[in-house]
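Quick one: dock chain against chain with the hints and give me the complex.
This is what each chain is made of:
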Amino acid sequence: MIREPLAASPWSSATAVIGVAAPLLLGMAALYLLLPRPRPFRTLPSALVGLGALGWAGGTWLALPSGSIEDVLFVGFAGLAVIAGALLVTQANAARAALAFAIVVLSSSGLFLLLAAPFLLAATIIVYAGAIIVTFLFVLMLAQQEGWSSADRRSREPLLSVVAGTVLLGALLFVAKATYDTRPLDHLVAALEAAAGQSSADAIRQTLGTAYRQLGPRTPLKPEEEQRLGDDGKFFVALRQYVQAARGASERDALDRELEVMEFEWRELEHVPLMQGRLKELARAVARVRDGMGTVPLPAEVPRSPLSLPAPGDPERETVAPLGRALLTDFLLPIELGGALLLVATVGAVVIAGRRTEGAR
Amino acid sequence: MNPLMLSNYLVVGAVLFALGAVGFLARRNLIVMFLCVEMMLQGVALNLTAFARHHGNLQGQAFVLFMVLVAACEAAIALALILMLYRSRPSLDVSEWQELREPGLEETRDEEPLPPLPRPPPLPELPPAGLEPSASRETSHV
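Protein sequence lines correspond, in order, to chains A and B. Heads up, the first sequence is in our numbering, so the first residue is 1 and it goes up one at a time. Heads up, the second sequence is in our numbering, so the first residue is 1 and it goes up one at a time.
Bound-form chain B, shown alone (with noise of 0.2 angstroms):
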């Protein structure tokens, strides 16, 4: 394979990489950081995949395999350890967990409040149909 081709998908595996690593950085829900982490994997077994190519040789899609394989372990045993999480302390933000920090290192205080719920649709009106019941004109003359 030229080289050219080879670094197009280098660049996009890295691009793959560097968006799962702001994620993980930025992002507080558990589950999301961790989907960050499977596509920073993603992004390694492209380069892995595309420099097999490269070589003309198979030793890289066997290393994409052993990576899948030990991805599915980190899966298995991640969503077991959130799980546990999540029945002990009903959140998934990783926040709820900051007394595991370093010692020395301030706590992390959210100062802006959330955006108020937006209001659920009004239910709707019946229109008004069929004949007016004669008794509310007796009650009115009464």
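The following block holds chain A by itself, in its conformation from the complex (with noise of 0.2 angstroms):
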């Protein structure tokens, strides 16, 4: 069955790109009423102001397709980043920002952890929340002042620098929404599967019909193919379509010219395990075009060690080893670098700190 109705893609009509730039503006406004100055606006309703601009946001910038416990996880953990990541911008106090920001740093290594890096959950923890935290409190509490300081309580052109978030965020979010926005491709391949699983002609041809007349097509089609084809026709000329617009896939070029064809031959197609058969490997094409979406084929000619590819079969449990092996063979110079820009750190730290300028106490 197909799994949900669905517009088109979600930067094709006024409204959903209102949809996704309200939550925007909301929430820098927000920012912007809670960043510190001498005279404060009141805190909670800005807060409430934030927290419904975030809620919002995650409502139409996710794409949570299947509600698993992965899901519920993610939006755990992304939420508590963000939200963290606002009280550090906002809070007046250092302490209490550094310690936000020590919330920033734990759940975004439970973003790493679901993303099978449990190996950057622990560098993370260890170097940020152990080491950096840490020695920025020691200045914070050695810098301490007496009641309140400019530092804490005044900004520096609060809304000059929200505009300019404001800006950096819209594009980030266009390109990647832009980019990676699978939904159309995704009813097309559950339409086609479904029609595969039909057992005779005209339940195919209708079940492709309904699904074109969900989807409806990318841009208007020609006046001919309009009068031409039926729905089911229709269909294949939207799926070429959006095809054509999925961006970076490698294997999109491919599919196009066997889309192509099938333009052709659709009409004339009858025996129902042929066209089963068809249906089944347009499906299987078009999800790997999906999958693909977004991705940069490496060029052949850079080098790579066997060692750095995770297991054979299953890359899914066995993440750190693979990834020692890769920074001793194929990031061997890197990390003796690496090595080298720490020891000069520390040197340098230690230069820099213990030098006593004129008048020092």
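Among the hints, a few may not be true.
Said to hold, decoys possible - Which stretches of chain B does chain A cover? Using the computed rule of at least three CB atoms under 8 angstroms from a CB of chain A, they are: (1) 19-28; (2) 42-48; (3) 51-60; (4) 65-71; (5) 87-96; (6) 111-117.
What the hints assert, rightly or not - Covered stretches of chain A, going by a simulated chain B footprint (3 or more residues, C-beta under 8 angstroms): (7) 81-89; (8) 92-104; (9) 109-120; (10) 139-147; (11) 153-162; (12) 174-180; (13) 322-336.
By construction, these hints were calculated from the structure, which means they are not laboratory data. C-beta atoms are modelled at their ideal positions from N, C-alpha and C, and glycine is treated no differently.
This is how it looks when you write it as structure tokens:
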């Protein structure tokens, strides 16, 4: 069965653009109100506006189709990271800001774990939460002043910086959404699979026609196509449009040629097992294009040792050992340079911090 | 990994990056500015890890490890520099150092005064208890 009726790509209509831009503007406005200033606005209403914008953004920016436990954990960690990040930016007390940063680090470590990178989880917690935060807190307490300080109670150009952040985030979101939005292709793959499961030619044509009417073409069809083709024929024209629009997929062009042939052959096809076979093949090919969206194939001449690939068969289960092998084979020189950099930084920090200026206490 | 899931991680990374950028531009405490830069780095690390998962190789994770390494070096040097600055002018405010700005730019002045400090809570008064000393009565009669 087709999973859900669906509008076309979210960037195709003005209302969808507003649905993505409105939480961005609302959240940035709340951030502006919450930034420290000599006469602060009331905190609670601004914070509520910010939380509302965050929830709205989570509803429209994220795509969580399955609702599995992984999605729940993702939403939890991501929400915690963003809330703690906003606290870090708006908190007037610098020590509390440092603790908010620790929460950002811990929750993004949770996201690393969801991305099957347990070594990064450990490394980030040890280096950031263990070492950097403690050093920052040490310096903060050393430099603690009596009373209010201009450093904590004032902002420098809050309006301009929030505008800059809005433009930056809007551009990043636009690129991410325009490149990685796979919802039309998901719908088409589901329709192809559903049609391949039907047992008569009429049912197959009807399923494809229904799917076409739900999704609609990406760009309007030519008038002669509109008249000549039935809904099932238009399905293939629309499928070809959406496949052509898939960005960066390496198998797209081969599939495009196949679909061009299919557009002409489809009306002559009558034999049901043949139709089912062609549709299944197409569903697999479209799914491959969908999964490859936004990928850039590595050029063949990049030297890579086979040691740095995940273990064949189960890339999920074993992640730390291949990373270690990769670091000591493909990245041997960078690792050595990194060690040297750490040594130089240690010596440099000692030299800089140990120097006494005139009149020092 | 489905690119739809990848785009979720990219969105979270972008939000962390933009929040850090706003904080770096707006805040005036040297250490908070530094924490904001580290938060931008966290957003980038999230992106790299998500791409490593998406492509099914380990290059992205290796990049994140190098990023953490450089961030640790950067933090050590920056804290040493902040300590040195603090020794010569005892404040963490970046505007203390605004004579380092480009020539021809106007000096920024803080016009609005900071609010007065909140008054410390009053000390508790001892409640009257026990016998009234008799000496006071005598003095009142005299």
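Hint-by-hint comparison with the structure:
no.: 1; hint: 19-28; in the structure: holds (count 9)
no.: 2; hint: 42-48; in the structure: holds (count 3)
no.: 3; hint: 51-60; in the structure: holds (count 8)
no.: 4; hint: 65-71; in the structure: holds (count 6)
no.: 5; hint: 87-96; in the structure: holds (count 8)
no.: 6; hint: 111-117; in the structure: holds (count 5)
no.: 7; hint: 81-89; in the structure: holds (count 6)
no.: 8; hint: 92-104; in the structure: holds (count 5)
no.: 9; hint: 109-120; in the structure: holds (count 7)
no.: 10; hint: 139-147; in the structure: holds (count 6)
no.: 11; hint: 153-162; in the structure: holds (count 9)
no.: 12; hint: 174-180; in the structure: holds (count 4)
no.: 13; hint: 322-336; in the structure: holds (count 7)
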